[in-house]
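> Following the hints, put chain B in place on chain F, whose structure we already have.
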Amino acid sequence: MKDAFGMPQSLLVLGGTSEIALATARRLIARRTRTVWLAGRPSPALDQAAAQLRALGPDVHTVPFDALDPESHETALGKVFADGDVDLVLLAFGILGDQATDEREPVSAVRVAQTNYTGAVSAGLVSARALQAQGHGSLVVLSSVAGERARRSNFIYGSSKAGLDAFAQGLGDALHGTGVHVMVVRPGFVRSRMTQGLPEAPMATTPEAVATAIEVGLRRRAEVVWVPGALRVVMSALRHAPRSVFRRLPM
Amino acid sequence: MPGKPEGPAGPAAPETTVPVTGWGRTAPTTARLIRPRTYQEAADAIRNCGARGGIARGLGRAYGDAAQNAGGAVLDMTGLDRIHAIDADGGTVLCGAGVSLHRLMEVLLPLGWFVPVTPGTRQVTVGGAIGADIHGKNHHVSGSFSRHVLSFELLTADGQVRTVSRATPLFDATAGGMGLTGVILTATVRLLPVETSYMSVDSERAADLDDLMARLTATDHRYRYSVAWIDLLARGAATGRAVLTRGDHAPREALGKRTRAARAPLAFRPRELPPAPAHVPGGLLGRTTVGLFNELWYRKAPRARTGQLQRISAFFHPLDGVPHWNRVYGRAGFVQYQFVVGHGQEAALRRIVARISERRCPSFLAVLKRFGDADPGWLSFPVPGWTLALDIPAALPGLGAFLDELDEEVAGAGGRVYLAKDARLRPELLTAMYPRLDEFRSLRAELDPHGVFVSDLSRRLGL
Numbered sequence: 001m002k003d004a005f006g007m008p009q010s011l012l013v014l015g016g017t018s019e020i021a022l023a024t025a026r027r028l029i030a031r032r033t034r035t036v037w038l039a040g041r042p043s044p045a046l047d048q049a050a051a052q053l054r055a056l057g058p059d060v061h062t063v064p065f066d067a068l069d070p071e072s073h074e075t076a077l078g079k080v081f082a083d084g085d086v087d088l089v090l091l092a093f094g095i096l097g098d099q100a101t102d103e104r105e106p107v108s109a110v111r112v113a114q115t116n117y118t119g120a121v122s123a124g125l126v127s128a129r130a131l132q133a134q135g136h137g138s139l140v141v142l143s144s145v146a147g148e149r150a151r152r153s154n155f156i157y158g159s160s161k162a163g164l165d166a167f168a169q170g171l172g173d174a175l176h177g178t179g180v181h182v183m184v185v186r187p188g189f190v191r192s193r194m195t196q197g198l199p200e201a202p203m204a205t206t207p208e209a210v211a212t213a214i215e216v217g218l219r220r221r222a223e224v225v226w227v228p229g230a231l232r233v234v235m236s237a238l239r240h241a242p243r244s245v246f247r248r249l250p251m
Numbered sequence: 001m002p003g004k005p006e007g008p009a010g011p012a013a014p015e016t017t018v019p020v021t022g023w024g025r026t027a028p029t030t031a032r033l034i035r036p037r038t039y040q041e042a043a044d045a046i047r048n049c050g051a052r053g054g055i056a057r058g059l060g061r062a063y064g065d066a067a068q069n070a071g072g073a074v075l076d077m078t079g080l081d082r083i084h085a086i087d088a089d090g091g092t093v094l095c096g097a098g099v100s101l102h103r104l105m106e107v108l109l110p111l112g113w114f115v116p117v118t119p120g121t122r123q124v125t126v127g128g129a130i131g132a133d134i135h136g137k138n139h140h141v142s143g144s145f146s147r148h149v150l151s152f153e154l155l156t157a158d159g160q161v162r163t164v165s166r167a168t169p170l171f172d173a174t175a176g177g178m179g180l181t182g183v184i185l186t187a188t189v190r191l192l193p194v195e196t197s198y199m200s201v202d203s204e205r206a207a208d209l210d211d212l213m214a215r216l217t218a219t220d221h222r223y224r225y226s227v228a229w230i231d232l233l234a235r236g237a238a239t240g241r242a243v244l245t246r247g248d249h250a251p252r253e254a255l256g257k258r259t260r261a262a263r264a265p266l267a268f269r270p271r272e273l274p275p276a277p278a279h280v281p282g283g284l285l286g287r288t289t290v291g292l293f294n295e296l297w298y299r300k301a302p303r304a305r306t307g308q309l310q311r312i313s314a315f316f317h318p319l320d321g322v323p324h325w326n327r328v329y330g331r332a333g334f335v336q337y338q339f340v341v342g343h344g345q346e347a348a349l350r351r352i353v354a355r356i357s358e359r360r361c362p363s364f365l366a367v368l369k370r371f372g373d374a375d376p377g378w379l380s381f382p383v384p385g386w387t388l389a390l391d392i393p394a395a396l397p398g399l400g401a402f403l404d405e406l407d408e409e410v411a412g413a414g415g416r417v418y419l420a421k422d423a424r425l426r427p428e429l430l431t432a433m434y435p436r437l438d439e440f441r442s443l444r445a446e447l448d449p450h451g452v453f454v455s456d457l458s459r460r461l462g463l
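Just so you know, the protein sequences line up as chains F and B, in that order.
Sequential numbering of the first sequence, starting at 1, is according to this note's numbering.
Sequential numbering of the second sequence, starting at 1, is according to this note's numbering.
Think of the hints as simulated: they come from the structure by calculation, not from any bench.
The structure displayed is predicted, hence computed values, not measured ones.
Glycine included, C-beta positions come from ideal geometry on N, C-alpha and C.
Do not rely on the hints blindly, as some may be mistaken.
Which chain F residues face chain B? A few, computed with CB under 7 angstroms, are given here [stated by the list, open to error]:
| hint | residue |
| --- | --- |
| 1 | M1 |
| 2 | A4 |
| 3 | F5 |
| 4 | R111 |
| 5 | G135 |
| 6 | H136 |
| 7 | T178 |
So here's chain F without its partners, still in its complex pose (with noise of 0.2 angstroms):
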C-alpha cells in the first residue's frame, strides 16, 4: 500500500534499465519500497540493474517483456499482478531513435513508434486493468516535453511520445474515481544513456532529478509533471509560436 505520502511499497518498472526508472527506483527503495519487479527483454544488463537494486535491501525480482510484443504482455504482466499488490507501476520504456535514419527508413521509424506508443498503450492498458482490480496504484508515464509539440529536429520520437502523452491523460480521466492515479511525467533534455552524445539542450536534466520530481509527484497526487518545472512556463510559450516562428528556432 502507499502511505499518507504516495510512497510505494512495491514498484513495477516497466523498461528496468531505463536510467530515470533505476534513479527513481533507488529513491522509492530509500523510502518505503520492498518489492521490485523489473521487468524488460532478458539481458545481462536487466540483471546487472537487479543486482543493483537489490544490495539496497528489496526483493528485486525481474520479468521478461517485451514492449514490440504486445500479445504477450497479458501473461508477463498478470504474473507480477497475481504474485501481490503492486502500489506503482513505472511505465519507462521507449527508445529514441535516430532521426536522420528513421527519415530514411520507414521501419525503424515505425519500431520507434511500435515501442513508445503502441507498446506503451498495451502495457498501460493491462496494468491500468489490473490496478483497478486492486482498486489502488499509481501509473507513472514517462512522456517527454519533445511530445507537447514536435520538431523538426526529432519530430518521430516526438509524435511518438504525443501519442503516450494523450493517451495516459486519456487513461487517468477514464480512471478518475477508481482508486487508481495516472500521472504524466515530461522531462525536458535528461543527461543519460540514451542521449550520449546529442548536442545538450537548454534545461537539461538528471535522471535523479526526475526521480525526485516523481517522488514529489507521488506526494502531490500530480496528474502532470514537469522537470524541471520551469519548463511548463516555457512548453507553454513554444506551444503558441507561430509556425513559421517555431520553424526557425534553434531546436
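Using the frame of chain F, we list chain B on its own:
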C-alpha cells in the same frame, strides 16, 4: 427482454463503489461501500465480500487507512444505529455498533448519564471506539474505552455471531484490533453518572515543557479530565509552552440559581458553525499562519483560572463545531502523528518536542497528555506515560523522512505510535512497538484462516 437478476432472496444492503479515505484525506483507495441495516445483511456482505476481503467502517474519523480496503468491501456500520436498551438505574447501555457517541450523549445526558470515555470528537461510533480502543482526557483516571465495555457481539469470518465478554482472548484482540478480528454488531457499555451537562474547568499556562510536565505530574490526580494544548512552534526557552485545561463534570450546585444552565442542567445543545468549504487551497496552514494562531492562543489563555463553566461540547469537542474541518488542509490532506513513551522516558519526549519545534512543523492542534494504566487490549495504544498528538499538513516537504526519524526515537524509548491515526509507519518497527502482535496474528490466523478481514492498514503494516 432482460432476465431476472440473480441474487439472494432478501433485499441486499445498498452498495456503491467509491473512493474512501480516512479523516486525514490522504491515500484514497476504492472499495465497494456496503451499508448493512441488519445482522443478516452484515453477515451476507461478509460472506460475499470476495477475494479482497472486507472491513467495518464507522464515521471515518480514523486519520489514516484503518477503515478502507482497496478493491474489496467496506461495511458502513452507521446503518446499525439503534439503541436497544438503557438501564437508567444501573447505568449501562446496549446499542448497535453504528451508534455515535454524539447520539448516546443526546439520549443519555437528559437521563443523567455520560459516555465513559470520549475522544476529541463525538462523531465516532461505538464499534470504532472499541476497534481503536480510544482514549480521552480522562485516561489517567478511567483508562481506555474498552475498560467500560462489558461485552459485545462480534460477527466473525465464519459467519457466526459470538458474544464476547471481558477477559477473553477474543475481547483483548478486538479491543484495539482495528476491526481485523470481525465486525462488532452491538456492545454493552457502562456509563458515568453526571448531575449536569456542564464542565467545571481550570485553566493555567505552563511556560515550557518541563514546567508543563511538572504541573501534570503534580496535580493531574485531582482532575477527572486533563489535557494540555502545546505550542510546538515556540522555540528557545519557550519550547513546549502550553495551556492546561483540566476539569470535571460540574455538580448541580455549581450552576447557580436562576441561570439558563440551572433551568436545564442536563440539556445537550452543541453549537455548530457552517461547514468548511469543499475546496480549500493547500498551504493555508503554513508556519506564519499557524505561528500567529499559536501565539494568540497562548496569550489569550488565562494564566490561571478556576471553576469556569463550559458546555460539554466546548470542553471535549471544540472541532466538532466546524463540520468537515479536515478540509482546511487542502487536497493533499494531513497526517496526525501520535505516540506514547513511558514514564522515565521524559528525555526522549524532550528530544522529540525539541526536534519538532526546531523543524518548525506548523501544527496548531498539538496536545500532550499523561496516560494512566494500560488496558489489556493486545494492540491497544495507551501505556502509562506521555502521549503527544499533532496534526501536520501532508504536503510539507521531507515530512515522511522526518517522521521516520521520530519513529526511531519513539521505538528506541520503548514507545509506540497510535494505529488509528497512522498512515505512514514503517512496518519493520511494528513488532517493537506492539510486543503482543504475534499473539494477535496467530489468533487471526486461527479465527480467519482465509483472511476475510483486511484493511489498507493491515496490508500496509502486515498486521
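> When the nearest CB of chain B is found for H136(F), is that gap smaller than 7 angstroms?
Given a least distance of 4 angstroms, the restraint on H136(F) holds.
> Next item in the hint list is F5(F). Is there a CB on chain B closer than 7 angstroms to its CB?
holds (4 angstroms)
> Does the nearest C-beta of chain B fall within a distance shorter than 7 angstroms of the C-beta of A4(F)?
Status holds, d = 4 angstroms.
> Does the nearest C-beta of chain B fall within a distance shorter than 7 angstroms of the C-beta of T178(F)?
With a closest approach of 5 angstroms, the T178(F) hint holds.
> Should the interface hint for G135(F) be scored as holding, given a Cβ-Cβ cut-off of 7 angstroms against chain B?
holds (3 angstroms)
> Should the interface hint for R111(F) be scored as holding, given a Cβ-Cβ cut-off of 7 angstroms against chain B?
violated (37 angstroms)
> With chain B as the partner, please determine if M1(F) meets the hint condition of a C-beta pair closer than 7 angstroms.
holds (4 angstroms)
Going through the hint list in order, the structure does not satisfy hint 4, though it satisfies all others.
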